[in-house]
Amino acid sequence: MKTMFKSTALATTLALTATFAFADGTVTVYTAVPQNFIDALVPMYEAETGNTVEIIKAGSGELLNRLTAEAGAPAADVLWSVDGTVIDFNPALFEAYEAAGSDMLASGMKQSEMWTPFTAVVMAFIVNEEKLDGLPVPDSWAALADPQYDEMISSARADGSGSAYIQLATVLQAFDSEEAGWEVYEGMLGNFVLSESSGAVPRFVNDGELAIGVTLEDAALRYVEGGGPVQIVYPSEGTAIAPDAMALVAGAPNAEGGKSFLDFMLSQEAQAVVAAEGRRPVRSDVASNPALVPLGEVNSVGYDSAWASDNRARLVEAWGDMVLDVQ
Amino acid sequence: MSLFHRLRHTDFWTRVTGLIVAVLALLLLFPILRVLMLGFVDADTGAFTFGNFVEVFTRNYYLNGFKNSLFVGVLGTLGACLIGIPLAFFTARFHVQGQAWISTLAILVLVAPPFIGAYAWIMMLGSNGFMTNFFGLFGIETPTIYGAHGIILVFTLKFFPFIYLMTQTSLNGMNKSFEDAAENLGCTPWQRFTKITLPLVFPAVSTGAIICFVLAIADFGTPAILGRGFRTLSTIAFSAYRSELGGRPTMAVTVSIVMMAISMLALLAQRRILSKRRYASALTNPPVKQRMTGWRNTVMHVFCHGIVLIAMLPTLVVVYTSFLKTNGPVFIGGYGLESYERILRTAPEAISNSFVFSLGAVVLITVFSGLISYVIVRRETAAAGAIDFLMMVPYLVPGVVMAIGFVTTFRGGPLDVVGTAGLLILLYFIRRLPYGVRSATSSLRQIKPSMEEAAVNLGAAPAKAFLVVTVPLILPGLIVGALMSFITAINELSGTLILYDGGTITMPVQIYLAVLDGEFGLAGALSTVLLVCTGACVYAVFRFAENRDSAFL
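Quick mapping for you: the protein sequence lines, in order, are chains A and B. The first sequence maps to residues 19 to 345 in my numbering. The second sequence maps to residues 64 to 616 in my numbering.
Which stretches of chain B does chain A cover? Using the computed rule of at least three CB atoms under 8 angstroms from a CB of chain A, they are:
(1) 187 to 199
(2) 392 to 400
(3) 559 to 569
(4) 577 to 589
Calculated from the structure, these hints are not laboratory results. Cβ coordinates follow ideal geometry from the N, Cα and C atoms, glycine included.
The task is simple: from the sequences and hints, build the whole structure.
So, in structure tokens, the structure goes:
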């Protein structure tokens, strides 16, 4: 009896291990990128290289926890599309690699030796004018701090979402001093309804649950293009045009495959798809999506991601304290 | 019985007991303890400290979460009792049309996929929900679903089936003579209900209530989505865990320990109360159903059907959204199958994974619940008592804690050979084992040991006696336990999310990720597929189970 169920159990597990064992040429990618990018880009890479891609999708915080827990026996080859400061902040988990085509990067995109930019993320507001109840459409960070928008603004948490952290760092860089930035941000945080995921922010605004959302330009564009009752607004003081990062994992089981994945994502054809999906391409020879305002017309704060990375622990802690006070 | 047989008898079951203890130690205690130790570690230095607990019990942020958790947990449980007990009383004591329908819906509420339900409530009762807008047309301003009252409402409607099903089973098995005696002695129906019936069903009601309370405390999705600044311990733990800074998740673990301690205390209190009062009940005089007439009959029917329909609403909204026409994430009016087309590419893998992992776990669960139930019921050793107690632990430990324990204990260790798929099967096995054991144990308690003893006396080895005599007798219990653990395993999310890799994504994980992306149509389609799968299994349980409702508890 005992041997019988033992062998049953063993057979079950062995059969499963065999089924799911990694074939050669499998690239394991941890990513926080929206599903539409995966659907558009991964099959192209697989067709071009013959490699198979295993996608593990989760929030960037969850992915980082996984990478830390697995540091002794890494399972991932690539971390794809996260805020670059996450990578700079944990250098031991990653290995520096300069992807092919890095010479074609638009100016200001190469910000770290540790990672390669994948797209340029532009922060913007998504506004559902009908739900403003007659209040003016806010067009600046300072306007978001106005108490008249109390409980009307959707935002993700800066300690759990990469894009929300960039938004915080942007506001701190957009004014004369960091203190002035914090003053504005405190007013904004008091008006915020915090969401557990950044993807839910434009959703809530589109569905009319909240009137304003602080989000990524491309996420908002998907609702605009889908025909939702929303518009994109760029803050007048300037916004972040920040590269989001991809990097090779230290001790990657298939480092060569990982490198070819990074090379492909920086290629002209992949960057053209990036533009079609509404993100800004990072190559100087690929144009933005025509549905978006040309980048030249968007006021940029000249987002300093090295500063954002160096001050990350301090800023997130200050954010956490501020949440306790004003939320 | 010869001395030789006596020795072999002892030997086989002692060996089995040893094996069970070893498996539970390896898969349950060891991983949990490794994680729980993190609660006593300083996040920066790694040194031993009680500082994390000091922080939880002194900082307002945590204390408020603590109070909020207790508040929604207690009121949600109370709400579930307030609708679950009357529903059980009506369906057990009176002729209610469509009783099977009511039971089916109540069970489908229990097995509905997690997480998406809270969003369905927003679509109905959010600031721009269709029900809010509908009432708005008549100038009626309805309170929105956001905040503590919304969480309590959702908990009430989500967890009442536990109270209903347990109470109903108990009422059906009650000896009517007690109530008859009370009536003969001049009690009014209300006195009879409060003095006789209610105390008799107290064990069942309190067990159901404890399950509600434990699940409500651990529920993360509902307060995270509906809370809007109203934080509970579960959302605090999850935010702490998701934080991007990396490092040791000490605060997440500390908060989880506090949550588990609350649940454990509630459970022990209930056991203590129960042990003071014992009711033996022989089913010599089963209750007879009565017929209600006139307006009372109408009110009763409206109540019974209304409750289960309202509880099913979020599920229906989810199914409805899956058939809406979409353009990207936006619903553009009209109906279409785009959402289903979009899941076609990825869904087959997730569906087959969900089934393979759940079935693999169920095979292990069935084998072990047969053996464990025998050890618990027939062998009154200290080890058997310990195993019985350990079977409560998986109910109390959040999936996140269990999964982090699995990663830190088994990844890179000798057990890593089973791969991620193997680890997921083992995780489902250990988390859902109590459902199988509970079902097999209650089956075995109704069977006298004389048959196995006869087989052993006639020369059968204990292993053979178990396999040939005991197993066929408890087969219905094993089958019900297997199906119950299957339904709960195929819906597992929190642990899978931490363990899964590219080849091992499951349906609940895909639903969760679609919700994170704001892709409600996609999430709706995936949930509908999962619902159909679990619904088919509920139907199968109905076919196999003798007493179908209690099979789910």
